[in-house]
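Participant: Dock chain B against the given chain A, drawing on the hints supplied.
Chain order of the listed sequences is A and B.
Per my numbering, the very first residue in the first sequence carries number 1; after that it's consecutive.
Per my numbering, the very first residue in the second sequence carries number 1; after that it's consecutive.
I should point out that these hints are in silico values taken from the structure, not numbers from a laboratory.
Be careful, since some hints might not be right.
Stated by the list, open to error - DSSO-like mimics (lysine-lysine), calculated; alpha carbons at most 30 Å apart, straight line:
| no. | chain 1 | residue 1 | chain 2 | residue 2 |
| --- | --- | --- | --- | --- |
| 1 | A | K210 | A | K8 |
| 2 | A | K221 | B | K171 |
| 3 | A | K5 | A | K224 |
| 4 | A | K224 | A | K210 |
| 5 | B | K38 | A | K210 |
| 6 | A | K120 | A | K5 |
| 7 | A | K8 | B | K171 |
| 8 | A | K211 | A | K225 |
| 9 | A | K210 | B | K171 |
| 10 | A | K120 | A | K60 |
| 11 | A | K8 | A | K218 |
| 12 | B | K171 | A | K211 |
| 13 | A | K211 | A | K5 |
| 14 | A | K216 | A | K8 |
| 15 | A | K218 | B | K171 |
| 16 | B | K171 | A | K5 |
| 17 | A | K215 | B | K171 |
| 18 | A | K216 | B | K171 |
As the list claims (entries may be wrong) - Over the 10 Å line for every Cβ pair with chain A, so calculated as not near, a few chain B residues:
| no. | residue |
| --- | --- |
| 19 | S10 |
| 20 | V63 |
| 21 | A69 |
| 22 | R160 |
| 23 | E168 |
Please read all numbers here as calculations on a predicted model, not as lab measurements.
Ideal placement from N, C-alpha and C gives every residue a C-beta, glycine not left out.
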Amino acid sequence: MNFRKQLKEGVITNNPILVQQLGMCATMAITTSLFNGIGMGLSVLIILTACNVVVSAIRKIIPGEIRLAIFVVVIAGFVTIVDLLLQAFIPALSASLGVFIPLIVVNCIIIGRAEAFCQKNTVAASFVDGVTQGLGYTVVLVAMSVIRELLGSGRFGGGLIDLARGLTLDGTGAGIRIFPEEFGAGILTLPVGGFLTLGFLFAAMQYALKKSAEKKEKAAKKLKKEEASEA
Amino acid sequence: MMEQLTRLLSISLGAILINNFIFSQFLGCCPFLGCSNKVETAAGMGLAVVFVMGIASAICYVVNMLLVALGLGFLQTLAFILVIAALVQFVEMFLKKMVPSLYAALGIYLPLITTNCAVLGVVLLNVQEDYNFIEAVVHGITGGLGFMLAIVLFASMRERIEFSEYPESFKGFPISLVTAGLLALAFMGFSGMKIF
Numbered sequence: 001m002n003f004r005k006q007l008k009e010g011v012i013t014n015n016p017i018l019v020q021q022l023g024m025c026a027t028m029a030i031t032t033s034l035f036n037g038i039g040m041g042l043s044v045l046i047i048l049t050a051c052n053v054v055v056s057a058i059r060k061i062i063p064g065e066i067r068l069a070i071f072v073v074v075i076a077g078f079v080t081i082v083d084l085l086l087q088a089f090i091p092a093l094s095a096s097l098g099v100f101i102p103l104i105v106v107n108c109i110i111i112g113r114a115e116a117f118c119q120k121n122t123v124a125a126s127f128v129d130g131v132t133q134g135l136g137y138t139v140v141l142v143a144m145s146v147i148r149e150l151l152g153s154g155r156f157g158g159g160l161i162d163l164a165r166g167l168t169l170d171g172t173g174a175g176i177r178i179f180p181e182e183f184g185a186g187i188l189t190l191p192v193g194g195f196l197t198l199g200f201l202f203a204a205m206q207y208a209l210k211k212s213a214e215k216k217e218k219a220a221k222k223l224k225k226e227e228a229s230e231a
Numbered sequence: 001m002m003e004q005l006t007r008l009l010s011i012s013l014g015a016i017l018i019n020n021f022i023f024s025q026f027l028g029c030c031p032f033l034g035c036s037n038k039v040e041t042a043a044g045m046g047l048a049v050v051f052v053m054g055i056a057s058a059i060c061y062v063v064n065m066l067l068v069a070l071g072l073g074f075l076q077t078l079a080f081i082l083v084i085a086a087l088v089q090f091v092e093m094f095l096k097k098m099v100p101s102l103y104a105a106l107g108i109y110l111p112l113i114t115t116n117c118a119v120l121g122v123v124l125l126n127v128q129e130d131y132n133f134i135e136a137v138v139h140g141i142t143g144g145l146g147f148m149l150a151i152v153l154f155a156s157m158r159e160r161i162e163f164s165e166y167p168e169s170f171k172g173f174p175i176s177l178v179t180a181g182l183l184a185l186a187f188m189g190f191s192g193m194k195i196f
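Chain A with its partners taken away, still in its complex shape:
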């Protein structure tokens, strides 16, 4: 039950990118193909979960004044582990994400969750929080890369899916062509597209949140009216 609530919070109502507005550099920079998007999202999910667990486990013994320094060391440790693992097992991903893997250290999502959530909650709750917030992050990255790839070059799943070979992990998959490349808005695959796509996603999220708030308000009003008329 609690998991479902946290899942909803992580993915929708308290989404790390679209609502908390954290960790946007990497979001805009690497979402040029589905391969990058999923790879980055899952890397952050793993690091976030591991850091959440460790920080909440040691939350009672770290002195308040130097807690940020300790968080940073924990995060940097896990980032290094993931960085080395990627270099060893999925070198193509490591090459195409470049400096953005080590830069997860300064990704505000992780230090933000450590500060805002793990300091006050148990290990189990922090673990769930890491997974759900990481999922929220991954969902946005995947959405961004699908939009940018599809509208920019008319493909889906570049680097990850190959019609002849199925799923590939070496970053060479050609993706599935939805429409010919010359009809794509190539600008979306450039850095400019990162800003624009994220801007529009943000706007859509604000619109949706506002609509749902209005709907709830209306329902509450209606309920009140009914109660009043019954009385």
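Facilitator: Only chain B this time, still in chain A's reference frame:
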């Protein structure tokens, strides 16, 4: 000598205009979007970043040499972030004692720089591109100048947007991102300057 100067010039031009840290590499977007409500605060933040990026490039160059010499290359990320955090703290204390006027001007922006990915980014790029000491420092300072140029331009645009009309759903963050996108589009024009 001449060759070295040309190389430095090409690094500077690249860092400020062509590969601007924000508009083409997406490094330092959080402070770029967060501290750009007013031109004055943006200039303060930019100045602080130039300062820290220059010093961080110099110190991390030495630290990296040490790490490589000791065969501890895998500790790079950890060492760099600690150096940057300590450096920011140190710069803050130094300025408070020695140059109070500059400290007052930079104020709260200094501690924020620790989590600015432009600083860690420039240090990592220095290593990746195999720059020597002078090139690394020049890259750091000019990268900071590029950041400053971007954030000041962006802040002055945001000040004007405050008074214009646009769809309500775009209020706040989304319109800033779209603005930044258009600014990035303008900066793409500089890519024709790759002459070196």
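Participant: Next step is simple, just say for each hint if it's right about the structure.
Facilitator: Hints versus structure:
1. K210/A / K8/A: holds (17 Å)
2. K221/A / K171/B: holds (27 Å)
3. K5/A / K224/A: Given that 30 Å is the threshold and the Cα spacing comes to 26 Å, the pair holds.
4. K224/A / K210/A: Given pair K224/A, K210/A holds - Cα atoms ~21 Å apart, limit 30 Å.
5. K38/B / K210/A: Satisfied, since the Cα-Cα distance of roughly 28 Å is no more than 30 Å.
6. K120/A / K5/A: Since the Cα atoms of K120/A and K5/A sit roughly 18 Å apart, the hinted pair holds (cutoff 30 Å).
7. K8/A / K171/B: Since the Cα atoms of K8/A and K171/B sit roughly 24 Å apart, the hinted pair holds (cutoff 30 Å).
8. K211/A / K225/A: Satisfied, since the Cα-Cα distance of roughly 21 Å is no more than 30 Å.
9. K210/A / K171/B: holds (12 Å)
10. K120/A / K60/A: holds (9 Å)
11. K8/A / K218/A: The hint holds at about 22 Å.
12. K171/B / K211/A: holds (15 Å)
13. K211/A / K5/A: Holds - the C-alpha atoms of K5/A and K211/A are around 20 Å apart, at most 30 Å.
14. K216/A / K8/A: OK: K216/A and K8/A at ~17 Å, within 30 Å.
15. K218/A / K171/B: holds (23 Å)
16. K171/B / K5/A: Holds, because 28 Å separates the two Cα atoms, which is no more than 30 Å.
17. K215/A / K171/B: holds (20 Å)
18. K216/A / K171/B: holds (22 Å)
19. S10: holds (20 Å)
20. V63: Nearest chain A Cβ is 14 Å from V63/B, so the label holds.
21. A69: Non-interface label stands for A69/B: nearest chain A Cβ at 19 Å, farther than 10 Å.
22. R160: holds (17 Å)
23. E168: Its Cβ does come within 10 Å of chain A, the nearest being 8 Å, so this is violated.
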